[in-house]
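Top to bottom, those sequences are chains A and B. All residue numbers for the first sequence refer to our numbering, where the first residue is 1 and numbers rise by one. All residue numbers for the second sequence refer to our numbering, where the first residue is 1 and numbers rise by one.
Take these hints with a grain of salt, some might be off.
To be verified - Among chain A residues calculated to face chain B with C-beta under 8 Å, some are: (1) Thr167; (2) Val171; (3) Leu191; (4) Glu219.
To be verified - Sample of chain B residues facing chain A (criterion: CB under 10 Å; computed from the structure): (5) Lys2; (6) Glu144; (7) Thr154; (8) Val157; (9) Pro158; (10) Trp161; (11) Glu162; (12) Arg164; (13) His165; (14) Arg169; (15) Val171; (16) Val173; (17) Pro175; (18) Gln179; (19) Gln180; (20) Asp271.
These are calculated hints, taken from the structure and not from any lab test. Beta carbons are placed, not taken as given, at the ideal position from N, Cα and C, and that holds for glycine.
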Amino acid sequence: MSSAPQRTDELAVTFIERFVQAGGLEIRYLEAGQGTPVVVLHGSDGLTSSPLNNLLARRFRVIAFEIPGFGQSAGQERPRLMRDLAQTLTEAGAAIGLERYGLVSTTNSAPLVLWQAIDAPERIDALVLISPLALVPEGRIASSTHDPALERKLGEVKTATLVLLGTKDEVIPPETGRMYVERIPNCYYALVYDAGHAIEAERPEALFTAVRDFLEQRETFIVSRKNTVINP
Amino acid sequence: MKASFFQRGGYSAPQEIRSTWPIPPVRYNPEFGLRSLHHAIEQCELADSLGFDWVSFSEHHYMTTVAPNPALAAAAVAARVRRAQIAMIGHNLTLNNPIRVAEELAMLDTLSNGRLVVGFLRGTPNEFQVYSVNPAESRDLALESMELILRAWTEPVPFSWEGRHFQYRTVAVWPRPVQQPYPRCYVLGGSRDSAEFAARHHLGLGVAYVPFPFFSQLVTYYRERCVAAGWQPTADDILYRGAVCIAKTEEQAQQDATRCVLKNLNVMMRDGVSEAVARLDPARMNMAKMEEFSIARFVGTPDMIVRQIRECKEQGGAGVIDFGFHVPGLTHDEVMLRMELFGAEVLPRIREI
Chain A
1 MSSAPQRTDE
11 LAVTFIERFV
21 QAGGLEIRYL
31 EAGQGTPVVV
41 LHGSDGLTSS
51 PLNNLLARRF
61 RVIAFEIPGF
71 GQSAGQERPR
81 LMRDLAQTLT
91 EAGAAIGLER
101 YGLVSTTNSA
111 PLVLWQAIDA
121 PERIDALVLI
131 SPLALVPEGR
141 IASSTHDPAL
151 ERKLGEVKTA
161 TLVLLGTKDE
171 VIPPETGRMY
181 VERIPNCYYA
191 LVYDAGHAIE
201 AERPEALFTA
211 VRDFLEQRET
221 FIVSRKNTVI
231 NP
Chain B
1 MKASFFQRGG
11 YSAPQEIRST
21 WPIPPVRYNP
31 EFGLRSLHHA
41 IEQCELADSL
51 GFDWVSFSEH
61 HYMTTVAPNP
71 ALAAAAVAAR
81 VRRAQIAMIG
91 HNLTLNNPIR
101 VAEELAMLDT
111 LSNGRLVVGF
121 LRGTPNEFQV
131 YSVNPAESRD
141 LALESMELIL
151 RAWTEPVPFS
161 WEGRHFQYRT
171 VAVWPRPVQQ
181 PYPRCYVLGG
191 SRDSAEFAAR
201 HHLGLGVAYV
211 PFPFFSQLVT
221 YYRERCVAAG
231 WQPTADDILY
241 RGAVCIAKTE
251 EQAQQDATRC
261 VLKNLNVMMR
271 DGVSEAVARL
281 DPARMNMAKM
291 EEFSIARFVG
301 TPDMIVRQIR
311 ECKEQGGAGV
321 IDFGFHVPGL
331 THDEVMLRME
341 LFGAEVLPRI
351 REI
C-alpha cells in the first residue's frame, strides 16, 4: 500500500525521560511510541529534540540513549574504549528489557552501534548508520571517533546494515559510502538527495522513509511495495 | 571553433504540415516516416564527410521531427558515422526515467567507441504533457535527474536513491561509460539554475537560440559560478545551438529565416493550454507570446555567417556551435545542398576562431 509522506510539522510526540543503570553508570534515555523497539544513538550534538525520533515514534517504540559523557551523563567516568562503551549500552538495553531491536546511529555514534552488532548480534535486528563517521578514506584526517580496531572487524558484522549519506555532505567524502558496502557483508547504501551532513535537519521525511522501510523490511526494502493504481 | 550538425529530424512529405501541437497521428504517413529517418541518417553521414565535429540529436514528441527517442537515432547513426562525435543533446530529463537515461547514454558511449557527448535538457513546455509531467515540477525534476544520472555513472557499488521526485532502492548501472568518469556533459538552459548546476559539477553550459547579448549574460554568470566552484571553463565548455539559414544570396537566406519562427515549427499549443502551462512552469514560458521568436541566428551568405560565428564566440565565448539546418518547408535535397555550401565555404574558415 502506498503511503503519503509524513510531515514533521504534525503533532510532536511526547518523549518520557527515564534512567537506567548499566556498566556502573546511570544512563539517561528518552522513550516514546509502541511496537518494535528501536534504539537510537545521537551524534555530537547530544540528546536533543529530533524530527527523526518523532517520526519513528509513530511507528516504533523508540529508546534514545544519552551516551555517557554527554549532557546529564557528562560527569561520569565512562569507558575509554569504544568497544567497552558499546558493551555498556548493550547492557542498558538489556536492563530495560529489550531482547531484540533495531539500532540507529548518527554521525560519530556509528562505531558504538557497529561494536554492538559485532559483540551482541543476537540482539540487533537491523543497523542503520546515518552520516556515519566510522571509516575514513585513505589520505583523509580521521575523526576523534575513528577506531582502527573496529575497522579490522567490520567483516564480522552480519546484521543487515543501511548506510545513509547526503548528496551534499561536505564532511564525509562521497566515496565513503562504498567503503561500508565493501567491508560489511550485508550492507546497503542510500544517498539522500539534496541533503548535507545533517540529513535529519534537512530532509527528515525522506530519511524517515528509508529508515522505517529498512527497519521493517531489512534486505527486502529494495522491493517496491508501492501501489501505482490510480483508480480501480 | 567546433561545429556540430544538429540532426533535429524532419518529415519528408510532399506537403508541409502546419498544426498546433500535438499533431494528430492520422496525419502521419508511414511511407514518409520511413523516408524521413533514412534521410536523417544520410544527412549525418554527409555531415561527417564534410568535417563536422559532432552530429547531435534531440528529443521531440508528437510532431514532424519524428524524434521521440534520440538514443535510437544516435545508435543508428553511430554505426554509420565513423569520425564525428555523437552528441546527445539530448534526452528531455523531465520526461525520462533518469536511470534509463544513464543506461542508454552509457550504452551509446560504448556503441560509439567512446565518442559520446551529453547535453542535459529540461524540455520544451508543450512536451511536459507527453508523459503527464506537471510543469510546476519540471525544474526540480530536471535538477534531480541530472544529479542522479551522474551518480549512477560513478558509484561503483549498488546504491539507493531517496530523492524528492525519484526513489530507487537498487541502482547499479551496466554498462558504465567508456569515457571515465563520464563523457563530456553540458547543461542546457537559459536559467541561473542551469548555470549553477553546471558550475558546481564542473560541466559545460549550453544555450539554445537566444540572442547573443543574452547568451553573453548567461555565460558571464556561469563563469562566475565556476570560479566560485574552484575552476575555469574553457571555450569547449560553452556550447551554442542555433538554426542556420545559408544561401548564395542574403535574400534567399532571409527567405529561409522567415520560416524559422516558432509558429512555423509545430510547437504552438492550443489556446488556453499554453496559458495554463505558462502559469505552472517556473520559467514562465508562454509560447503563445513567443510565436514570432525566431530560432535562426546564423543567416546570410557564407561570409556573413562566418562573421556571425565570430560574433557568437566574441560575445559568449562559445567553443562549440550546434547548427540546425532544418528550415520548415525545405526538402531533404535542399537541406543537403545547404550543408554542402556550409561545409565548403564556412567550416574551413572557422577552425581558427
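So, going through the hints one by one against the coordinates:
1. Thr167: Holds - the Cβ of threonine 167/A comes within 8 Å of chain B, reaching about 6 Å at its closest.
2. Val171: violated (17 Å)
3. Leu191: holds (6 Å)
4. Glu219: For glutamate 219/A, the interface hint is violated, since the closest Cβ of chain B sits about 11 Å away, which is over 8 Å.
5. Lys2: violated (31 Å)
6. Glu144: holds (6 Å)
7. Thr154: OK, holds: threonine 154/B within 10 Å of chain A, min 8 Å.
8. Val157: Nearest chain A Cβ about 4 Å off; hint holds.
9. Pro158: holds (7 Å)
10. Trp161: holds (6 Å)
11. Glu162: Constraint on glutamate 162/B satisfied, holds at 5 Å.
12. Arg164: holds (6 Å)
13. His165: holds (9 Å)
14. Arg169: Holds. Min distance 4 Å.
15. Val171: The hint holds - valine 171/B has a Cβ within 10 Å of chain A, the shortest such distance being about 9 Å.
16. Val173: violated (14 Å)
17. Pro175: violated (19 Å)
18. Gln179: violated (20 Å)
19. Gln180: Since the shortest Cβ distance to chain A is 15 Å, the answer is violated.
20. Asp271: violated (28 Å)
This entry does not satisfy hints 2, 4, 5, 16, 17, 18, 19, 20, going by the numbered hints stated previously.
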